[in-house]
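Enquirer: Sequences listed follow chains Z and S, in order. Heads up: the first sequence at position 66 corresponds to 66 in my numbering, and the numbers run straight through without jumps. Heads up: the second sequence at position 195 corresponds to 1195 in my numbering, and the numbers run straight through without jumps.
In short, the hints are calculated from the structure, not lab data. Please read these numbers as outputs of a predicted model, since none were measured by experiment. You may find that some hints are simply not true.
Straight line, CA to CA, 25 Å or less: simulated BS3-like cross-link-like pairs of lysine-lysine [to be verified]:
{"hint": "1", "chain 1": "S", "residue 1": "1234", "chain 2": "S", "residue 2": "1280"}
{"hint": "2", "chain 1": "S", "residue 1": "1177", "chain 2": "S", "residue 2": "1113"}
{"hint": "3", "chain 1": "Z", "residue 1": "96", "chain 2": "S", "residue 2": "1234"}
{"hint": "4", "chain 1": "S", "residue 1": "1177", "chain 2": "Z", "residue 2": "101"}
{"hint": "5", "chain 1": "Z", "residue 1": "112", "chain 2": "S", "residue 2": "1113"}
{"hint": "6", "chain 1": "Z", "residue 1": "96", "chain 2": "S", "residue 2": "1318"}
{"hint": "7", "chain 1": "S", "residue 1": "1093", "chain 2": "S", "residue 2": "1280"}
{"hint": "8", "chain 1": "S", "residue 1": "1113", "chain 2": "S", "residue 2": "1204"}
{"hint": "9", "chain 1": "S", "residue 1": "1093", "chain 2": "S", "residue 2": "1177"}
{"hint": "10", "chain 1": "Z", "residue 1": "112", "chain 2": "S", "residue 2": "1321"}
A few chain S residues facing chain Z, derived, Cβ under 10 Å [to be verified]:
{"hint": "11", "residue": "1006"}
{"hint": "12", "residue": "1009"}
{"hint": "13", "residue": "1035"}
{"hint": "14", "residue": "1062"}
{"hint": "15", "residue": "1156"}
{"hint": "16", "residue": "1205"}
{"hint": "17", "residue": "1246"}
Pair ranges (Cβ atoms, derived) [what the hints assert, rightly or not]:
{"hint": "18", "chain 1": "Z", "residue 1": "91", "chain 2": "S", "residue 2": "1321", "range": "19 to 25 Å"}
{"hint": "19", "chain 1": "Z", "residue 1": "120", "chain 2": "S", "residue 2": "1046", "range": "47 to 53 Å"}
{"hint": "20", "chain 1": "S", "residue 1": "1251", "chain 2": "Z", "residue 2": "102", "range": "36 to 42 Å"}
Note that beta-carbon positions come from the ideal geometry of N, C-alpha and C, so glycine has one too.
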Amino acid sequence: MGDFANGVNILLRQPEPGRPTRPTAPAPVVKETKIEQKDINAIADAVIKAINSKIGPTIAATSSQPVKEFDSSASLDKIAQAMIIDRGNKESNVDKMGTIKETKKDQASTDKTIDLLSKLGD
Amino acid sequence: MTEKKEVKFRPGVGVDIGTSFIVTVRQTEDGTFVNKFHRNCLFSMDVNDESADLLERSNYFFVKANDKYYIVGEDAISLVNAIGKGTIIRPMKDGVLNPSLKESSDLLFFIIKAIVGDPIVKDEPLRFSCPANAIDVVMDNLFHKMVLQGFFTKMGYNAKPINEAMCLIYDNAPVSKSSEGENPLTGIATSWGAGQVNVCLAFKGMSLSEFSCTKSGDNIDEQTEKVTGISRSKIVKIKEKKLDLGNIDMGDRVQAALSIFYDETINRVVHYISEQFREKSSEVDGELEWVVAGGTSMPPNFCKRLEEAIKKSNLPFKIHKVVHSPQPFYSVGQGAAIRAIADYQRLNKK
Chain Z
1 MGDFANGVNI
11 LLRQPEPGRP
21 TRPTAPAPVV
31 KETKIEQKDI
41 NAIADAVIKA
51 INSKIGPTIA
61 ATSSQPVKEF
71 DSSASLDKIA
81 QAMIIDRGNK
91 ESNVDKMGTI
101 KETKKDQAST
111 DKTIDLLSKL
121 GD
Chain S
1001 MTEKKEVKFR
1011 PGVGVDIGTS
1021 FIVTVRQTED
1031 GTFVNKFHRN
1041 CLFSMDVNDE
1051 SADLLERSNY
1061 FFVKANDKYY
1071 IVGEDAISLV
1081 NAIGKGTIIR
1091 PMKDGVLNPS
1101 LKESSDLLFF
1111 IIKAIVGDPI
1121 VKDEPLRFSC
1131 PANAIDVVMD
1141 NLFHKMVLQG
1151 FFTKMGYNAK
1161 PINEAMCLIY
1171 DNAPVSKSSE
1181 GENPLTGIAT
1191 SWGAGQVNVC
1201 LAFKGMSLSE
1211 FSCTKSGDNI
1221 DEQTEKVTGI
1231 SRSKIVKIKE
1241 KKLDLGNIDM
1251 GDRVQAALSI
1261 FYDETINRVV
1271 HYISEQFREK
1281 SSEVDGELEW
1291 VVAGGTSMPP
1301 NFCKRLEEAI
1311 KKSNLPFKIH
1321 KVVHSPQPFY
1331 SVGQGAAIRA
1341 IADYQRLNKK
């Protein structure tokens, strides 16, 4: 269906006098692709530099503060406690388990070591 | 029937929880060390009439849990050797709790509880051996320490970890010699276990540096099995009964292979010690003693092999003596007990 104005298909309408009838030449295509690409890259580089230059000092400012390491010992302690299951009523005969061997050491030397160690901390 | 004389112990207990054995040690008031040990392994069987019958007839030590019977300790190995098949479960791996075995942790605790027993005084000090972090694999023993510390604390002990190699320092009391005199409890200690070799450098009873290497006795067995095709249980038997590192029967390919892998292990550890302790050399004067213990060090002439390796190395210290602990198997537990007794003395002086 065409467009109609006053019953006349406006697409078929003759141009008004004075108006050029031959089709206008297509606008010249300026082959500026490479130049445009360069420009885009340059712009991108400039943006990146700007961002980096903004981020750089910011990072430097925060890195001077030492990052406190996360202390996971509380979590580990909970897991450790959960692993210790009391199976007091387990059926077994292990009460008398274990081979015993007695050894003798120089008692004076051992007591000297114990005295030395009792003065140390943990 | 003669009455058993009640034994009086000094407060303070040492526990060596190793890959192969658990050893607990107390000292009596007359100075005797009472070492109680148990092989750290399990063998599982389904609960049925046959297995119940076997347990009744055999007097094997066992624990029943999760619808299975677990034969514990030496009995597990005897049973596997007798039937010729089956897998031994090892609750520990490379010196720490074996994370891949879900049932092993609570069974291990049950066994430890049976071996260690209850405290003899309120909040009795207990020192349990712990490996140092390894330098040849990524490993953090913090979790292992916390689990065991929590377990012993629940039992009523005042429990603290202690480095395995430092236990050897306390048990063997090495002395360094310099122009200024002697320093007690100073030297290098190496505990050659099944899963790990633990190493420390000590000065006057304090640890300057400590680390471990994961390839030790078990690795020697494994490599020997690979090159000879002989089963590990047989290799272990030859290692424990026949091997003399000063007199190898080269006609026996197991002995020949063991000799080679022992050399490799010793040289590797000496190399690591040379590298790790280099920066600490300025803190220690004079000539040091080197203390050796652990099950893997038990073949005769092990220390001779170590002395040869030391001569060829770039060790930053002078070693005046390599000493094999008179009780290489119990030395870690005894050292832990000595430290625990010292803890009790310190706490009760306050």
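Enquirer: Now look at each hint and say whether the structure bears it out.
Expert: Here is what the structure says about each hint:
no., hint, verdict
1, 1234(S) - 1280(S), "violated (42 Å)"
2, 1177(S) - 1113(S), "violated (42 Å)"
3, 96(Z) - 1234(S), "violated (29 Å)"
4, 1177(S) - 101(Z), "violated (34 Å)"
5, 112(Z) - 1113(S), "violated (31 Å)"
6, 96(Z) - 1318(S), "violated (47 Å)"
7, 1093(S) - 1280(S), "violated (30 Å)"
8, 1113(S) - 1204(S), "violated (33 Å)"
9, 1093(S) - 1177(S), "violated (38 Å)"
10, 112(Z) - 1321(S), "holds (21 Å)"
11, 1006, "violated (15 Å)"
12, 1009, "violated (12 Å)"
13, 1035, "holds (5 Å)"
14, 1062, "holds (6 Å)"
15, 1156, "violated (13 Å)"
16, 1205, "holds (6 Å)"
17, 1246, "violated (25 Å)"
18, 91(Z) - 1321(S): 19 to 25 Å, "violated (51 Å)"
19, 120(Z) - 1046(S): 47 to 53 Å, "holds (51 Å)"
20, 1251(S) - 102(Z): 36 to 42 Å, "holds (40 Å)"
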